[in-house]
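Novice: Now for the letters of each chain:
Number of protein chains: 2
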Amino acid sequence: MTSAKGKLYGIGIGPGDPDLMTLKAYNALKNAHTIGYPVKVKGERSTALSIISERVDVSGKDILELEFRMDPSDEVRQGFRKEAVRQIAEHLDAGEDVAMITLGDVSVYSTYMRIDRMVRDLGYETEIVPGIPSFCGGAAKAGVPLMIGEEGLAVVSYAKDNPDVERAFVGFENVVVMKAFNSMHEIAGLMDKYGFPRENAAVISNVGMDDEYVGPMDPERKYGYFTTVIAKKGGL
Amino acid sequence: MTSAKGKLYGIGIGPGDPDLMTLKAYNALKNAHTIGYPVKVKGERSTALSIISERVDVSGKDILELEFRMDPSDEVRQGFRKEAVRQIAEHLDAGEDVAMITLGDVSVYSTYMRIDRMVRDLGYETEIVPGIPSFCGGAAKAGVPLMIGEEGLAVVSYAKDNPDVERAFVGFENVVVMKAFNSMHEIAGLMDKYGFPRENAAVISNVGMDDEYVGPMDPERKYGYFTTVIAKKGGL
Numbered sequence: 000m001t002s003a004k005g006k007l008y009g010i011g012i013g014p015g016d017p018d019l020m021t022l023k024a025y026n027a028l029k030n031a032h033t034i035g036y037p038v039k040v041k042g043e044r045s046t047a048l049s050i051i052s053e054r055v056d057v058s059g060k061d062i063l064e065l066e067f068r069m070d071p072s073d074e075v076r077q078g079f080r081k082e083a084v085r086q087i088a089e090h091l092d093a094g095e096d097v098a099m100i101t102l103g104d105v106s107v108y109s110t111y112m113r114i115d116r117m118v119r120d121l122g123y124e125t126e127i128v129p130g131i132p133s134f135c136g137g138a139a140k141a142g143v144p145l146m147i148g149e150e151g152l153a154v155v156s157y158a159k160d161n162p163d164v165e166r167a168f169v170g171f172e173n174v175v176v177m178k179a180f181n182s183m184h185e186i187a188g189l190m191d192k193y194g195f196p197r198e199n200a201a202v203i204s205n206v207g208m209d210d211e212y213v214g215p216m217d218p219e220r221k222y223g224y225f226t227t228v229i230a231k232k233g234g235l
Numbered sequence: 000m001t002s003a004k005g006k007l008y009g010i011g012i013g014p015g016d017p018d019l020m021t022l023k024a025y026n027a028l029k030n031a032h033t034i035g036y037p038v039k040v041k042g043e044r045s046t047a048l049s050i051i052s053e054r055v056d057v058s059g060k061d062i063l064e065l066e067f068r069m070d071p072s073d074e075v076r077q078g079f080r081k082e083a084v085r086q087i088a089e090h091l092d093a094g095e096d097v098a099m100i101t102l103g104d105v106s107v108y109s110t111y112m113r114i115d116r117m118v119r120d121l122g123y124e125t126e127i128v129p130g131i132p133s134f135c136g137g138a139a140k141a142g143v144p145l146m147i148g149e150e151g152l153a154v155v156s157y158a159k160d161n162p163d164v165e166r167a168f169v170g171f172e173n174v175v176v177m178k179a180f181n182s183m184h185e186i187a188g189l190m191d192k193y194g195f196p197r198e199n200a201a202v203i204s205n206v207g208m209d210d211e212y213v214g215p216m217d218p219e220r221k222y223g224y225f226t227t228v229i230a231k232k233g234g235l
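One line per chain: the protein sequences are A and B, in this order.
With the first letter of the first sequence counted as 1, position 233 gets the number 232 in numbering that gives the first Met the number 0; the numbers rise by one all the way through.
With the first letter of the second sequence counted as 1, position 120 gets the number 119 in numbering that gives the first Met the number 0; the numbers rise by one all the way through.
By construction, these hints were calculated from the structure, which means they are not laboratory data.
Be aware that one or more of the hints could be misleading.
Identical chains blur together in the list; that is why a pair holds if it fits in one copy or across any two.
Claimed, not checked - The calculated lysine-lysine pairs, modelled on DSBU-like cross-linking and capped at a C-alpha distance of 35 Å, are:
| hint | residue 1 | residue 2 |
| --- | --- | --- |
| 1 | Lys178 | Lys192 |
| 2 | Lys232 | Lys6 |
| 3 | Lys81 | Lys232 |
| 4 | Lys159 | Lys81 |
| 5 | Lys39 | Lys221 |
| 6 | Lys232 | Lys178 |
| 7 | Lys60 | Lys29 |
| 8 | Lys159 | Lys232 |
| 9 | Lys6 | Lys29 |
| 10 | Lys39 | Lys4 |
Hey, can you work out the whole structure from these sequences and the hints?
Specialist: So, in structure tokens, the structure goes:
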């Protein structure tokens, strides 16, 4: 019986350039009956869906909008996950493969991993297809190494009271700060405090969009939502 | 005149599965006149070259073996880099595009970034094509997230006296240790010391090779050269 059920693919589509999808992602998307994508609010436009549409014809496919509202309550968020799993399972039960797409890599701050476990726990088959994380795409765009030799790298997600952000600057010579769009002043302050010259930061913002920015850090500038800072104590 | 010269591509080919090459890498490799690959000793077999050969016909291409010996002297290592740049420039001067391949991602511990700068400084055009780093490929294989929510991630390369390795376990709940093949006992010791239960480590080793291993950490086992540990304080 199990063999008649569909399979769930969790697909990292990379940092924005459709040609940075892997061959595996491309083939899985081409073959999938149903494409699922996460939104924070129903009816939201999906950046991930428009990126894959540049290479994969999605016109004949079922499109599944999966709502994951950013609610402060764990219980409410878990409720949205359960509803997403229910929608996905409906397609899998009908024998259809579902590909759920995620910007960047699936293992880097993605809701997909929670969904994958819930779907596996129900007895369905799943497969994770990794993607290029935004910080690797950003390093390539900016022409800087993330780390060389024996250097370490810390990757953190900016949030006002997240202690990992400061710990990264304390302990590591290479720091990636994701979700940095709204907090350039705070990041610049940490760089000053821990001996990272300001010119040793590259900002990579909204790659592939109209307001794409790749260049030095200017705390006075406004940046788009998808903004990553690469700070290198020893120089870019 | 410049337009008649070839262009250098630095290409991350991903963690081992040829289908984890990006569309961009695949196309650049298909079109490149010359494929360069790094070796530690002349005549060494190239894992990267055999991976791309599964998807790209390299039989009609010039193959350029670039030797980067692991010498303790900076001067000797720089000498090998200069020689590699000279060989690459010869092809670029002949109007041929050169694609230099790297396992994983180009910005993660790769010699390519040094070569890229030297070649750019000589006035040639270069382009960096990012790849899936081994730790993202490994997380997908092991079915674990690298980080979720507001968690941070530290990525380090194991070496006996590298202080970043211990700092990673001190400050972060998610730790990736690359080049871990020979130091499982030391890594297990750090996990014990900093409250990471032993069962919270996944080992990903020699993916795609005969001795591939993806599973729990066993310090008594022997692992191949391409071994990464993902340790998660809060559980896999």
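Novice: Would you list, in rising numerical order, the hints stated earlier that this structure does not obey?
Specialist: Failing hints: none at all.
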